[in-house]
Amino acid sequence: MANLTINGKKIEIDVEPDTPLLWAIRENIGLTGTKYGCGIAQCGACTVHVDGVAMRSCGMLVSEADGKAITTIEGLAADGKLHKVQQAWIDHDVPQCGYCQTGMIMAVAALLKDTPKPTDEEINEAITNICRCGTFAQVREAIHAVANA
Amino acid sequence: MNQHVKLNRRAFVIGTAAAGAGLALGFNLPFGPTVARAADGSPEINAWVVIRPDDTVVIRIARSEMGQGSLTGLAQLVAEELECDWSKVTTEYPTPGQSAARGRPWGDFSTGGSRGIRGSHDYVRKGGATARLMLIQAAANEWKVPASECSAANSIITHLPTGRTTTYGKMAEAAAKLSPPSDVKLKDAKDWKIAGKGLKRLDTADKTTGAMVYGIDFKLPGMLNAAIKDCPVFGGKLKSFDEAKIANMKGVKKVVRVGDSGVAVVADTWWHAKTALDALPIEWDEGPNAKTSSETISKWLAEGLEPSQTAFVGNKNGDAPAEISRAAKVVEAVYNYPYQNQATMEPMNATALHTGDKLDVWCGTQNGEAAFATAVQASGLSADKCDVHKLILGGGFGRRGQSDYVRQAVLIAKQMPGTPIKLLWSREEDMQHGFYHPVTQCRMVGAFDADNNLTALRMRISGQSILARLRPEAMINGMDPATFQGLAPSGEAVIGYSIPNLLIEHSMRNPHVPPGFWRGVNINPNTIYLESFMDELAHAVGQDPLAFRRKLMSGHPKHLAVLNAVAERIGWDKPPPQGVYRGLAQVMGYGSYVAGAAEISVTDGSKIKVHRIVAATDPGYVVNPAQVERQVAGSFVYGLSALFYGGCTVKDGRIEQTNFDTYNSMRISEMPKVETILMPSGGFWGGVGEPTIGVAAPAVLNAYFAATGKRIRSVPLRQQNIGFA
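Line order of the protein sequences matches chains V and E.
The opening position of the first sequence corresponds to residue 1 in my numbering, with each subsequent residue numbered one higher.
The opening position of the second sequence corresponds to residue 150 in my numbering, with each subsequent residue numbered one higher.
Okay, chain E solo, but in the shape it has when bound (with noise of 0.2 angstroms):
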């Protein structure tokens, strides 16, 4: 009989030590008589759980939301194992400077990679367990009764021989003093009850009322405003300013250099601001990129993929080139993608107030810590002056992980010490100063015996490399092995066909425009060349493309799974209606496994209408139902709006698009019903935020081929005049 939790303060250090790894435990507890305690005075049980006087739950979120739902998630995760009342939970951010003080009790703030649920499921969930045992415990002591005879739900402790009851609201003192057990068991899936529902999310009201804290809404007794522009040439710098020219513009208060290629205007509202920015003479120092255009990048991404020139090898076996030499039949396409903005809705913007020796920061971000990181940096001051505040985000999409909008924000507060500075960037300034989806080309070659069987595969790859601007120390001997994403060998985003000789390359070429994560990354471009290929083979032989697929997969059955569910459902053996046609596509990403279908009409060649889409997702798991749906079914309006409207060019240096009327975004008239397939299979967590948008462009690539026989092999749609019908 378990009556009393162990202290254990060993593993309270091991879980600190691991945290640096971004594995934390999660179980910061306080020893002793000493309480951590919530701002409003009510007991931490631990870093995930507070609990108020009146049963309310407040759970700590360290991910950001940014409408993937995963404040929902966690908390559903939290409060399944912590059994209580689902109806009194409530959310919190900590900050990531509470965390770095408290030895980052929360672990990893990085809300990216489609990791917000996978990447901390284990700790969330232990750090709930935790809490009821300490709750349930701190009632026995009460009741001088052993802990096992006592059980908990909906918030309410029982002590089973008695009847008698009490609840956490009461209980939350107490068990806030007491030692976290050394060891808890987690439920299993199957007993869920809280976890694996379709629960409403907790963060809708607010978003329906305008009453919802954005950062762009966020305000501070005496802010100014500021709008910025920086050199529209990356890599170029500030070289002058005419600031005389509108010092007595209205509303002006100053006008400050931003690092070394930035200028602000601040003022008393971002309208003055933005205006006197305008009108503001600007001379820029160009720098080596002003020449730079799409058709020079292309022509140096073209040269890679030449097999002459040298190329990182991310996944082979067998000898491709040689058994490509002596093949009965070789086919060869070249394909290419382009750079991509990820337009969140909510242009970037922070707030910033700096004393002069103390610093706080109140932002949306995807990676809080890396946001806290560049803002102790910028301020000159010591982390522990320093905090960062996170809000709602108003979309990421990948470009909230960067911190370059924080870093701007504190260096204008820097020197205006003691007024709160918001900055926020015009949408010009948004689509002309990301971190775009990286271009790259492909060759793809493939190769047959004289019985029509697929012997062999090349796929060259030549173009931009995220990691090797924005975390060097991730690549591996110089390869980035993200540039393999739903290509690779193992891991986490495994290639599904099983093909003799096999040789996947990638001839890395970093132009000067800055790469970033964009929802769903690699798999974008790579399930574009791999699948719409794997379609062209198909054809090359006279195969069905599900047949010709099915022949390459039974080595990979979850991928089979999810590619057999899409095409049953489709209806992919009986004919589809007049007029309509068919395509497929699937891809492992992020730890999950995704296939879609698309049915589609075509008229006059150029005007297509996307009338159904089926996607089939294997998550593993599957925490809340109706958000992962909602999850698949926008990976096809971000991924279709890439494909048809998306595309960022290049000239003088610069991006050509600057706002939604030149990089446009679908509407809900061009939004297909899309049906979803959820079959968690069970023993391993996959994401689910970004897989889908793989398979979102080459279904309806494939099914374009089907319509009119023309192979398209170069996005965006809309620079071959094919648009939405």
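Just chain V, same shape as in the assembly (with noise of 0.2 angstroms):
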């Protein structure tokens, strides 16, 4: 069993404390908006906030995240009204296949959220995610977009 706190509700779970987070989030609780990429900590599809910081699900064990306060893509959004990142991704229309874009979603708005006004350096530190159909160019410009409103 494991106490999780999800989206700002606790859930509590049938699940092995061994179980990543990621399958714990995807099978257990039901949010399939994260994504297995890897299950290496590669690839970043399967980023969430762990008490506000973008970890790689894949890569944390259920125990771990015991008390903590996860936040999923399913969460990002607040009162019925898109995070300003979700926003700007539609704005610029930066998804491809989309697949990986909820977990760079997820390490663009942590990173806003420690530094609102990155550089392009800063950006290239943070986001370290793979998007197999190429993105970046459409990644950054959204990034400042919303640096910049």
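Read the hints as simulated data drawn from the structure, not as lab findings.
It is possible that part of the hints are untrue.
[Unchecked claim] Facing chain E, according to a computed beta carbon distance under 7 angstroms, are these residues of chain V, among others: (1) Gly-37; (2) Ile-40; (3) Cys-43; (4) Leu-61; (5) Ser-63; (6) Asp-66; (7) Ile-90; (8) Cys-97; (9) Thr-119; (10) Glu-122; (11) Gly-134.
Cβ coordinates follow ideal geometry from the N, Cα and C atoms, glycine included.
Using the hints, put the two standalone chains together into the complex.
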């Protein structure tokens, strides 16, 4: 059993403590916006916020998430309004296949919370998610647009 | 005056027959009072267009959306001719089962070879235009006026003399009962209002909230999850497994054989299935390929470079060997290109429900009809008892044109009738069971006369054929024509140089590793070989690489136009900034002409910073410039990832790379600025998803030579300890 706080709700799930947080989120809680890409914390498709910090949920065990506040892509919008990063992604038509983009958005949202006006170098440092379609130019453009709004 | 649209049953029959060749007109229209209806009861005007009473226009899209934007582009083409309100457009996929049952009204579902738009623009536009004429006719009938006095725009039909109006939503029922017009005239591209514009994609919102359902996310009540291992050595078989060892592990429901080479664990969750599978003792019969390695493959391919070895001739004029033997100067070089994995971000997966007398499959696929045929075959049922429901793809790049994962899912589900089974591959399974970009080597020989004119070029490719394995019916007298992409004398991938004596050959050698279509396919290696060697030849005679090319390209004005465009934009005639070096490349592929120019700097001979890319494309027509630009820029991410980080190596018969730690991909920090020049010259339809990838690597490799004087003839760079700065 594990007690998780996901998107502001306390949820008790029947899961072994050594289950990766990614799979608990996807399978036991049923939120599938967090994606499986590699399972070894390389690609970032599974990025969520743990106590406000961008983390790769495939590399974190459920037991390590106990008592922490977890936000997934489904919890990023608040009061029925998209998060400004989500809105920028729509305005700048960022996604191609889109599979990596929920993780990308979570990574960017965390970056902008800590660094509201990132330089290109700070973006390069913080955003290390893989996108095979190659949306990087639009990702950068949308980040700057949010920062300068 | 055309007052009534004439019934044309014959056109319908011909259209249906033509569908067998993948060229359906798409006019599968109801006759008489029977109206085909969408699931919600809204009437189909024709196979492509459904209109709801609230004026929502549902446009059916047969091709698959995998990020390339065809879903939006095709909808733009239909909407353009339909004259509908773009803000009310939505899309849906017809199923391959419906298509089969209705005589293939949607034509070819296959989404590869950059054919999404260019392969279906004509019939989807006709589908839109036909629907418009029927809606107008319905209004004219109601108003008892000639249709010629009515026009349509923005989903509103107007009777011009009186100014009376009605909407598509109101006319849909009546229009759906009409017969299709026999002949429709399509708009000239210069009159486009919806097509040709950089409209936003239709599928973005759900991709930003997590609501988009990819195959991996699909759920059914009572569904179980499967994890699979196929024999790690291609061609090997499953010998045995000891399921008792994992029978008590949490969540495990069943362990099943999958064909003759795989085993799957079915459990309540995928994580339980995978954990149990990893603990399952498995014995493989690794078969005859267990000792094969990259070294043995390389040695075999190298033998094929020898002129004494037989080879297919893909392009020939004059007598290159004779000219080379008497040349004043001969330049020779050997290149090679490795296996590559498509590495879609979403690993392979499919969900199947086999009830014993009915089969349904839900999956992402680039080829709905092939997935359907595979599912039918694996199910043991007749085609009318099966269907495949397509979902949005988390990347395709050619990989999801194969249906191996569909077959596996059906074979598992068949052993658990009535229970929906979602099969998901681990990344490791995905990396090691691909259909890989084929491996080739190439010997290039160029000859000059005493005045440094290029008089001959011989290009001997040795290596693997995709078609021999995947589409043997497309071979021509044993030759794989796709091997000569970008090098052909005619067709959609023509060489851009006129050389008096030319010989391009392929010595086919097919190792056991399954080859497949990988974004750009054979233009990837071929453009590296040809465009790098053009640079070598230019330098061998002390000429500027652009000027050298231009002399050979006067007979190829469209190739030359894109090359000139990038040269001008990057400022080829002016010196680059201090420490920055330039390279060029051009190719024709998938019916389009593309060129790229790169500006790079190199630190310590091994750290490359790609500062700037200029890329020009002439695809004939551009349906959505914003999406074409994204395809062009994305081609550099895919192509440069393969150049720098890619390369799948073989050891003990299996692929060594298992995940993104050993098969890496470019990050945002490595992404150059890409300036795109779109220069559609009209009169032909070329693809855009793939051609540009051909120039990505050679433009950078030629710039690397300019920077260092060192010629790289082998991919990937990581094996030569060269990387991004």
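Practice task
Grab the minimum C-beta distance from V:Ile-90 to chain E and call the hint holds if it beats 7 angstroms, violated otherwise.
Solution key: holds, 5 angstroms
Practice task
Grab the minimum C-beta distance from V:Leu-61 to chain E and call the hint holds if it beats 7 angstroms, violated otherwise.
Solution key: violated, 12 angstroms
Problem - Interface hint outcome for V:Ser-63 [beta carbon to chain E under 7 angstroms] - result: violated, 14 angstroms
Problem - V:Thr-119 as chain E interface residue, shortest Cβ-Cβ below 7 angstroms - result: With a minimum Cβ separation of about 12 angstroms from chain E (threshold 7 angstroms), the hint on V:Thr-119 is violated.
Practice task
Would you settle whether the hint for V:Glu-122 is holds or violated, based on the nearest Cβ-Cβ distance to chain E being less than 7 angstroms?
Solution key: violated, 11 angstroms
Exercise for the section: Hold the hint about V:Cys-43 up to the distance rule: shortest CB distance to chain E must be less than 7 angstroms. Expected result: holds, 5 angstroms
Handout entry: Satisfaction of the V:Gly-134 interface hint, Cβ to chain E closer than 7 angstroms
Key = holds, 3 angstroms
Problem - Proposed interface contact between V:Cys-97 and chain E, which counts if any beta carbon pair is under 7 angstroms - result: holds, 3 angstroms
Exercise for the section: Closer than 7 angstroms between Cβ atoms is the bar; does V:Gly-37 clear it against chain E? Give me holds or violated. Expected result: holds, 5 angstroms
Practice task
Against chain E, run the beta carbon of V:Asp-66 and see if the smallest gap drops under 7 angstroms.
Solution key: violated, 18 angstroms
Exercise for the section: Verify the interface restraint on V:Ile-40: the C-beta must sit less than 7 angstroms from at least one C-beta of chain E. Expected result: This hint holds: V:Ile-40 lies near chain E, its Cβ roughly 6 angstroms from the closest one there, short of 7 angstroms.
When each numbered hint is compared with the structure, violations occur for hints 4, 5, 6, 9 and 10.
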